[in-house]
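Peer 1: From first to last, the protein sequence lines are chains R and A. Going by this note's numbering, the first sequence opens with residue 1, and the numbers climb by one from there. Going by this note's numbering, the second sequence opens with residue 1, and the numbers climb by one from there.
FYI, nobody ran anything at the bench for these hints, they're computed from the structure. The model shown is predicted, which means the values in this text are computed figures rather than measured ones. Honestly, I wouldn't trust all of these hints.
Listing some non-contacts, in silico: residues in chain A with all C-beta distances to chain R over 10 angstroms [unchecked claim]:
hint: 1; residue: A17
hint: 2; residue: G67
hint: 3; residue: I97
Cβ-Cβ distance ranges computed for the label pairs, FRET-style [as the list claims (entries may be wrong)]:
hint: 4; chain 1: A; residue 1: V25; chain 2: R; residue 2: V249; range: 31 to 41 angstroms
hint: 5; chain 1: R; residue 1: L99; chain 2: A; residue 2: L107; range: 40 to 50 angstroms
hint: 6; chain 1: R; residue 1: E97; chain 2: A; residue 2: G90; range: 43 to 53 angstroms
hint: 7; chain 1: R; residue 1: L99; chain 2: A; residue 2: L106; range: 25 to 35 angstroms
hint: 8; chain 1: R; residue 1: Y257; chain 2: A; residue 2: V114; range: 32 to 42 angstroms
Ideal Cβ placement from N, Cα and C applies to all residues, glycine included.
For reference, the chains in residue letters:
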Amino acid sequence: MGIDLLLAASGLAAGLFGALLGLGGGILIVPLLNLAFGYPLTTAVGVSLICVIATSTGAAAHNVRTGRADVRLGLLLEGGTVIGAVVGGILAGLVSERLLAGLFALLMGYTAISMGRRTLLPQTDTGAGREAVDPSAPDGPTAPAYRSHRRPLALAGAFFAGNVSGLLGVGGGVVKVPLVHLVMGAPLHVAVATSNFIIGVTAAAGAYAYLFRGDIDPGVAGPVVLGVAAGAFLGARVGARLHARWLAVLFLLVVIYVGVQMALRALGGPA
Amino acid sequence: MKQRPDELGRWVSSVLAWGTLVAIVTVAIGVVLGLAGGGAGGPVGRDGGGLLAQIAAGKPASIVSFGLLLLALTPLAQLVAAAVAFGRRGERRYVMISSVVLALLLLGIATATVLSSGVGG
C-alpha cells in the first residue's frame, strides 16, 4: 500500500506542476519513475504516455468546447505525429537504456533552454497569425480567424514531435507549440490549446506499442494515472491564484538536475 | 452572419470528457480493489477474452488494465466523432483527414499487436 501511495503522490505532484506550467507532466513522470523508483525506462515511458493521454484529453475537452483549439489544424498535424509516435514506440523497445537516457537528457536540455528563455527573459509578442484571416473558414467557434501556412514543413516537424513523444514518453508540447505558433503562424493561445489537443492522439499512438508489449504494469500505472489526473484537475483550478514565475524557476532547476542525472546515466550506466 | 450550433466542438469535447471520466473511474475501481486485496499488479490477460474473464472475476490488475485501455482508446473515439461531425457539416476534406489519421492509428495498433505477439509470445 505504501508504494501505491508514493506513486500516486508522485503523479499528483507531476500533474499539478504540469498543469501550473502548461505541460503534460511526462517530462517529470519519466525521471521520477526511473531515477526515484528505479523502474526501467521503457516502463517509465509507457506509464508516462498513459498519463499524458489522461491530462491531454481532459484539458482538450474544455479547449475544443470553448473553441480555443483549432480542430482542423490539429487533425492535419496528427497525421504526422501519429506516424512519428508509432515509429518511436516501436523503436523504444529496440534501443538500449543508455541511448534512451541520452536522448532524454538532450530533450531536458532543450526544455531548459526554451523554458529559461520564457521565464527569465522579457516576453516579446511575435504577433504571428494575428492579422491573417482564412476566408474559407466556416462559421462557428471551432474555426479561428487566421490562415495557417508552411504546412509541409509543419507536417515534417509533427513527425519529429511524434517520434520524440513515442520514444521518450512526453507529450511533446515543447516541440508542438513553437511549430504551430512560429512555423504555421497561429496565435500563441491557439497554438497551446491545439498542441494539447494533438498530444492525446500522439501519446495514444505511442502507448499502444507499450500496452501490447506488456511494458505498462497496472500496479504502477494505476496509482500514477489517478495522481496525475487529480493533480491536473487541482492545478487547473488553483493555477490562476498562484504566481507562476517562481514555480517556473523551480521547474527549471528540476529540469537541469534531471537532465544532468540522465546524461550521467547515459555516459556511465549499463548498456 | 449566420450562427449555427457548433456540433463539431460539442461532439468531440463530449467524447473526450466522457471517455476520460469513464476510464479514470475504471482505473480508480481497480486501484481501490487492489489496495483492499494486496495490490493491483501481477499478470494480465493479453488477449481480449482472457482480460474480460479476469475482469469478471474482479481481478484488480485486469480492471486497471481495462481502464488504461479505455483511456488509450479515447483519442481514437474522438477521431470517429470528428469524422462524423465533419461529415454532417459537409466538410469532405476533413472527413478524409480524420479517416486517414484514424487508419494510421489502427495501423499502429495492428503493428504493435503483431510485434508484441512476435516478441512476447
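Peer 1: Now tell me if each hint is right for this structure.
Peer 2: Here's how the hints hold up against the structure:
With a closest Cβ-Cβ approach of about 4 angstroms to chain R, A17 of chain A is found to fall inside the 10 angstroms limit, against its non-interface label. For G67 of chain A, the shortest C-beta to C-beta distance to chain R comes to about 8 angstroms, within the 10 angstroms cut-off, and the non-interface label is violated. Chain R draws I97 of chain A into its interface by the beta-carbon criterion, the shortest separation being 5 angstroms against a cut-off of 10 angstroms. In this structure, V25 of chain A and V249 of chain R meet the distance hint of 31 to 41 angstroms, their C-beta atoms being roughly 37 angstroms apart.
In this structure the hint that L99 of chain R and L107 of chain A lie 40 to 50 angstroms apart at CB is violated, the actual value being about 26 angstroms. Checking the proposed 43 to 53 angstroms range against E97 of chain R and G90 of chain A shows it holds: the Cβ atoms sit about 51 angstroms from each other. Taking the beta carbon of each, L99 of chain R and L106 of chain A are about 29 angstroms apart, inside 25 to 35 angstroms as hinted. Taking 32 to 42 angstroms as the suggested C-beta distance range, the pair Y257 of chain R and V114 of chain A conforms, at roughly 40 angstroms.
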